[in-house]
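Student: Chains as they are written, first to last, in our numbering: chain Y, 31 to 166; chain L, 31 to 166.
Check before you lean on any hint, since a few could be wrong.
Copies of one chain are not kept apart here, so a pair can be met inside one copy or by any two copies together.
With a straight-line cut-off of 20 Å between C-alpha atoms, the simulated SDA-like cross-links for lysine to any residue are [what the hints assert, rightly or not]:
1. LYS126 - ALA88
2. LYS166 - TYR48
3. LYS126 - GLU143
4. LYS45 - GLY107
Quick caveat, the hints were computed from the structure, so don't treat them as lab data.
Number of protein chains: 2
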Amino acid sequence: MSTQDFDSIFPRGEKNPYGQNFIGQSYLTMLTTEGVPVGNVTFEPGCRNNWHIHHATAGGGQILLCTAGSGWYQAEGEDPVSLEPGSVASIPANVKHWHGAKADSWFAHLAIEVPGDNTSNEWLEPVTDEEYAHLK
Amino acid sequence: MSTQDFDSIFPRGEKNPYGQNFIGQSYLTMLTTEGVPVGNVTFEPGCRNNWHIHHATAGGGQILLCTAGSGWYQAEGEDPVSLEPGSVASIPANVKHWHGAKADSWFAHLAIEVPGDNTSNEWLEPVTDEEYAHLK
Numbered sequence: 031m032s033t034q035d036f037d038s039i040f041p042r043g044e045k046n047p048y049g050q051n052f053i054g055q056s057y058l059t060m061l062t063t064e065g066v067p068v069g070n071v072t073f074e075p076g077c078r079n080n081w082h083i084h085h086a087t088a089g090g091g092q093i094l095l096c097t098a099g100s101g102w103y104q105a106e107g108e109d110p111v112s113l114e115p116g117s118v119a120s121i122p123a124n125v126k127h128w129h130g131a132k133a134d135s136w137f138a139h140l141a142i143e144v145p146g147d148n149t150s151n152e153w154l155e156p157v158t159d160e161e162y163a164h165l166k
Numbered sequence: 031m032s033t034q035d036f037d038s039i040f041p042r043g044e045k046n047p048y049g050q051n052f053i054g055q056s057y058l059t060m061l062t063t064e065g066v067p068v069g070n071v072t073f074e075p076g077c078r079n080n081w082h083i084h085h086a087t088a089g090g091g092q093i094l095l096c097t098a099g100s101g102w103y104q105a106e107g108e109d110p111v112s113l114e115p116g117s118v119a120s121i122p123a124n125v126k127h128w129h130g131a132k133a134d135s136w137f138a139h140l141a142i143e144v145p146g147d148n149t150s151n152e153w154l155e156p157v158t159d160e161e162y163a164h165l166k
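The shape of chain Y in the complex, shown without the other chains (with noise of 0.2 Å):
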């Protein structure tokens, strides 16, 4: 599938400036940035975030709307989610977590930053393609 064929709602944007953090290339468009940051992440096949943390004393996290294709999120220690258009899922501030597209699908989603006290994002080490070959 190339990009042209990938049909999703929201403008798919520059390639991701955070893209170091990224295994795989993906896109980033704010919508946004007015009260609460909304941007729209899409992933081709394959493509993940590294693990990563949001970090807040109080408040914080992330919210993952996805709106096109098919992706994981994964929190440390627990089984991976498979999103589909509709899917929701809250990222509390503090769980170390990745998310991304499927390895046969391309994956949109919206983010939509929680406000906190003393937020910071920390990025982590990449999901190894032997971890991610395991998904199912």
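Assemble chain L onto chain Y, guided by the hints.
Tutor: Below, chain L without anything else, positioned relative to chain Y:
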């Protein structure tokens, strides 16, 4: 068009419990209430909410993300804005406004409640048939 023919990503849910503040039939599903509340609102053709204000002393307001169909957003004293799939409307706190479907189209939007201080919603008069008929 019957309700069955309207294809939307997020579930339509039940008849809107705030329906007394709408003209026509709408539906509401809360997608998450953790962190930032996010609802999916679906309007039948011609359905619109009454003029209303999201009050806050700091922060607050609402972000609309159109996912399907076609509708209107209008702030008092401003031209109506057409919302199509992919459109974003950032509604500031303390601004009188309304939103809803076009006369001949279903309409669905996500509604993200922006956190704020001392927030409350004030429901006002309906958008009259005369006002609504002039939209184009």
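Student: Run every hint past the structure and note whether it holds.
Tutor: Hints versus structure:
no.	hint	in the structure
1	LYS126 - ALA88	within (16 Å within a copy, 32 Å between copies)
2	LYS166 - TYR48	neither (27 Å within a copy, 41 Å between copies)
3	LYS126 - GLU143	within (16 Å within a copy, 26 Å between copies)
4	LYS45 - GLY107	neither (31 Å within a copy, 38 Å between copies)
Violated hints, in rising order: 2, 4; the structure is consistent with all others.
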